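Protein chains: 10
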Amino acid sequence: MPDRTLLEAFATPSDQPFVIEHISDEFTSVCPMTGHPDFASVVLRYQPAAPGISASKRSGKGRANGAPAGGCVELKSLKMYYQSFRNEGIYYEAVTNTIRDDLARMLMPVWLQIVTHWRGRGGIRSVIRAEHGKVPEQWKTL
Amino acid sequence: MPDRTLLEAFATPSDQPFVIEHISDEFTSVCPMTGHPDFASVVLRYQPAAPGISASKRSGKGRANGAPAGGCVELKSLKMYYQSFRNEGIYYEAVTNTIRDDLARMLMPVWLQIVTHWRGRGGIRSVIRAEHGKVPEQWKTL
Amino acid sequence: MPDRTLLEAFATPSDQPFVIEHISDEFTSVCPMTGHPDFASVVLRYQPAAPGISASKRSGKGRANGAPAGGCVELKSLKMYYQSFRNEGIYYEAVTNTIRDDLARMLMPVWLQIVTHWRGRGGIRSVIRAEHGKVPEQWKTL
Amino acid sequence: MPDRTLLEAFATPSDQPFVIEHISDEFTSVCPMTGHPDFASVVLRYQPAAPGISASKRSGKGRANGAPAGGCVELKSLKMYYQSFRNEGIYYEAVTNTIRDDLARMLMPVWLQIVTHWRGRGGIRSVIRAEHGKVPEQWKTL
Amino acid sequence: MPDRTLLEAFATPSDQPFVIEHISDEFTSVCPMTGHPDFASVVLRYQPAAPGISASKRSGKGRANGAPAGGCVELKSLKMYYQSFRNEGIYYEAVTNTIRDDLARMLMPVWLQIVTHWRGRGGIRSVIRAEHGKVPEQWKTL
Amino acid sequence: MPDRTLLEAFATPSDQPFVIEHISDEFTSVCPMTGHPDFASVVLRYQPAAPGISASKRSGKGRANGAPAGGCVELKSLKMYYQSFRNEGIYYEAVTNTIRDDLARMLMPVWLQIVTHWRGRGGIRSVIRAEHGKVPEQWKTL
Amino acid sequence: MPDRTLLEAFATPSDQPFVIEHISDEFTSVCPMTGHPDFASVVLRYQPAAPGISASKRSGKGRANGAPAGGCVELKSLKMYYQSFRNEGIYYEAVTNTIRDDLARMLMPVWLQIVTHWRGRGGIRSVIRAEHGKVPEQWKTL
Amino acid sequence: MPDRTLLEAFATPSDQPFVIEHISDEFTSVCPMTGHPDFASVVLRYQPAAPGISASKRSGKGRANGAPAGGCVELKSLKMYYQSFRNEGIYYEAVTNTIRDDLARMLMPVWLQIVTHWRGRGGIRSVIRAEHGKVPEQWKTL
Amino acid sequence: MPDRTLLEAFATPSDQPFVIEHISDEFTSVCPMTGHPDFASVVLRYQPAAPGISASKRSGKGRANGAPAGGCVELKSLKMYYQSFRNEGIYYEAVTNTIRDDLARMLMPVWLQIVTHWRGRGGIRSVIRAEHGKVPEQWKTL
Amino acid sequence: MPDRTLLEAFATPSDQPFVIEHISDEFTSVCPMTGHPDFASVVLRYQPAAPGISASKRSGKGRANGAPAGGCVELKSLKMYYQSFRNEGIYYEAVTNTIRDDLARMLMPVWLQIVTHWRGRGGIRSVIRAEHGKVPEQWKTL
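Residue numbers (my numbering), protein chains in the order written: chain A, 1 to 142; chain B, 1 to 142; chain C, 1 to 142; chain D, 1 to 142; chain E, 1 to 142; chain F, 1 to 142; chain G, 1 to 142; chain H, 1 to 142; chain I, 1 to 142; chain J, 1 to 142.
Careful, some of the hints might be misleading.
[To be verified] Computed cross-link-like contacts, SDA-like style, restricted to lysine to any residue with a CA-CA straight-line distance of at most 20 Å:
#1 A:134 x B:111
#2 J:134 x I:137
#3 C:79 x B:121
#4 E:140 x G:101
#5 A:76 x E:36
#6 D:79 x D:1
#7 H:76 x D:1
#8 E:134 x E:50
#9 G:76 x J:123
#10 E:134 x I:110
In short, the hints are calculated from the structure, not lab data.
A quick note: this is a predicted structure, and the numbers were derived from the prediction, not measured.
Whole structure, please, built from the sequences with the hints as guidance.
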């Protein structure tokens, strides 16, 4: 079951803007209609919030799971979070929007983009792109 | 015979904008002049209408085939729709424009793009691009 | 319906051994179980019979369709023959063995090999290899 | 000899804007200086004129060869036109500009672009890009 | 849990020798030591037993699960069988040998080869090759 | 230990703007959490300061290590600098920001961009992009 | 018109065996049936005759065209010879066998192989392989 | 020694704007520090001056070497010019700027771009981009 | 310092012959002459000893480090062993032969092959292949 | 001028057979007929002589240049040797045979193979393969 409490963050290590991209080629979930597994590459791109801003804005969030909030997602926690979809029956679009929402809530980034590339079924491959905040134009088709 | 009544839709699952791309590498139709088969990859890209807007605007459409209208095309129905071109004698341009029109009427998307890549004949490969609504600049050459 | 009477041959143009390879990337038939189309690349390789031998051995064959027999398959007739499978419900193995049998009967080659590469279904791609006569070792895995 | 009377057109089949791309990997002409053959891939891209506009504007053109004018170039006639350069002694730039001029005169498109990719000589490959009308920015480097 | 009773076979459709290859790019199991998922492409190659031989030799086998035995594995059953490893904690070598054993028992082929290509962990990718019967030399490194 | 005193520069050899790109496929450091080595390709892109401007503005910088400052980084010194990270326990983001800062301080460029492509861990590859000055839009996603 | 008198040779420069391979990606001839151009890559491979042997055996050959015979084909003459097929109406098999015969007669090599890769027509690509002398097994499928 | 007097030009053959690109994969010079050879691909892109403008503006230039000036560089002369760097001890940046300056002086183009891709040394590959005039944005990163 | 005591093994899990291949793309050591780092992909291939044979033959080996001997190398221990070369000054050939010797002593395999692919220096890439036991012919050049 | 006295060797570091492969992508010489530069990738493969054998057999060789003989070629000396061809007017075949002879004399290997891949001229690429000793079959076409 997708479990966003697995996600952990650490404070943005620089006050200058930069962009982080994590590409997982090993995402799998289950089609809720057929019960067959789906396979995807999941691309996460975001510009983390500046250190100070993220700290102050987050303090009152009252995050349910008590995990420390922060500007950058910790890599191993991201991997565990992705693995929590393994046996979930869930459509392409819901996977993409769920990941976008969970990470945006956690990271409060300047902008964030999720792109899922699905191996496809019945001869049709699919790509779903979801955004949070103002994603710069040049990233939108990548 | 191309049959748009095969298409089915489901409601947009998010009220945040996102882009859907479906790539079929298994499209085939027949050249009306020579009777030889044509083969193409068909790329569909669109930004679905927001959930509320699409629901209200569509209610009075009186769609002839009674199929439920919606914001996102259902994948298996898309595959069956593409298969309905299999033995149709129809030119490249007509295939591309027909698919564009049928899907735009069904989905009422913010924008939609159809790109057909044909294996070609006589040493000439072809790509046809058709649009509905205001396709963002950066998608136009992809 | 697969129609071997479409095949035509011409006499081997040289009395020195040589090998002919024709690769069609545009083969399609229909799955007899699901009714969905299948797509394949079909590779035909063979060493044609020597001119004299093939002429004399063939004269008494009494071929049903009266088409001229010969050592090399005519390319356009091969294309038409492949197209005759377009709407046939037939399994991978049967396609491969049928083509092997039809061409071997027609061409009486020293050896002949058919390799079909299928785009696959449900995440599984398939390759079927069938042979006639003594195919040299080094061709068997290509 | 390059022969633009070979070109034929048909009326634009849609009143919505779309873009057509034809790629020929089998173009050859002759270097006028050395007499050696040159080989190129020729890319033609254009947005055809709208159906009504092209009909009315063209009626008074008095085209010398009497061929029917139209919005879209017929594929087989394009192939024959390209073949008419086969034994012509002509430079890269002249090939590119000639094709641009002949097709622009014939099709009266909204815009048109010709890109020729030459295999090169003496270790230098070349690409020549010519335009007619206002080619959108994003196409210019493709 | 790997479940060989999911496998189904059908009679070899030809009495001439041929080779079947099925490639699944969507295999996943779980590392028994770390609990993390493993991902592999699984290649199955085999030469099915001749129709008559396989029928007679198999009749007295008393196969525990009562499933019909045969010369060729049915594709959808192979897919379901592979999916039964999804949540199994099992090492690379055991996966490879288990698949080899289950299919060899079922198909009684002339020869059979299983090659598993694993995406790897800690910067090390792995390939495991297992065989049944006398696999021809030229297949052994593919 | 990352050692910026290893970096050396030479005066910009032209007063016309140009862009320099150096790509090192052999960067390695150590993960501070696990102690395992990390591997990256590091891309440095920058537009050097004009010759005169960089000379005058730099004269009062009082650079600690006394090395000559300049507009362009000397290649061998860049290699030695990268090698100084070899046994350093340091995160992806810190590597990227450190290199950006050290080179920007040294070169005082019009703009500068560092992109690090990491081979990844646990099935997730990462790319980090950091900037100094006003990097032109078209470079930002490369 | 194919003109073997264009071919020139030079004496084998070494008395130790070696293998020469020339690959021309710019071969073109004309289909005798349709009049359309054909395009091919032509691969020539051979082991030249040893210097002494080829000299003595050739002296009494009385070659019709009086051109100097030798162990290795001169590259520019090979190019001119290939160009002489440019406007010839000739089938794939005849091209391959003609080149094989002309070069074998000229070079008297230990062995020689001609492989022609044709871009194809109607969706079928072809490869023709012809041999002279005893071509080692490992070259036969390349 | 780089010798710009080797360059020759011919008049722009069209009064419509077009872009010329020449790619040489065979550039070599010598590192002035180590004496080892450097290898590069050199890309030249430019929009030639319009025929009339270039003629009139150039007439009073008093070009030192007396060679005819023009809008387009002649290909063989470009090759000879590049070869004149073969044994020159010269840095990457100087090569790039020298070629830019020599060609810009000769061709007086609307704009011109030189991109040199160096095979690199010590594990670092380099790309240098120099410009003359107003190079359109979309070319700058190619 | 290369440390073979890091290697661990486990008993061969099958008494049928199979082949194991592990590919590490992240090997690095140091050139003893220049002090610069070297980078390699290391391929290990072997056929493990049969379970019974390896157990009995190994019992009297008196392995110095007391680690359990066995037929298959444990993956994580292999990774740690490779990492122990990180700061060792050692030539390509010595790396390859050392790994071969350490693993052969540990695993007592039927055969074993080590192939190291080095990124190279000064424009020369290198591949070193070492063997233990009778490596089958078809593996020798892979 | 090709200078074999630049070559240096070191003693074979192992008494077990292994194979060494060095690939240089930066070879250049000059065509003696046209004066234009030629570019090649040069592949050297060999099995070095066993340590003892090579030492004893070589002692009485009386090598003219006094350089130390040995079983393995030193990499930097190989690079300098290749560079000595830079301005030599010499044909493809002579380059290949000269390198083969110089290295075979120096290294006295069990076997040695030189493969030169030339970028080609006039649309024809070439590969020359020369051998010393008994090169195993499987290497001959690589």
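Hints, one by one, checked against the model:
1. A:134 x B:111: Holds, because 19 Å separates the two Cα atoms, which is no more than 20 Å.
2. J:134 x I:137: 15 Å, holds
3. C:79 x B:121: Satisfied, since the Cα-Cα distance of roughly 13 Å is no more than 20 Å.
4. E:140 x G:101: It is violated: about 38 Å lies between the C-alpha atoms, which goes past 20 Å.
5. A:76 x E:36: Cα-Cα ~12 Å, so holds.
6. D:79 x D:1: 14 Å, holds
7. H:76 x D:1: Not OK: residue 76 of chain H and residue 1 of chain D at ~26 Å, beyond 20 Å, violated.
8. E:134 x E:50: Distance of about 16 Å is within 20 Å: holds.
9. G:76 x J:123: Holds, at about 10 Å.
10. E:134 x I:110: 18 Å, holds
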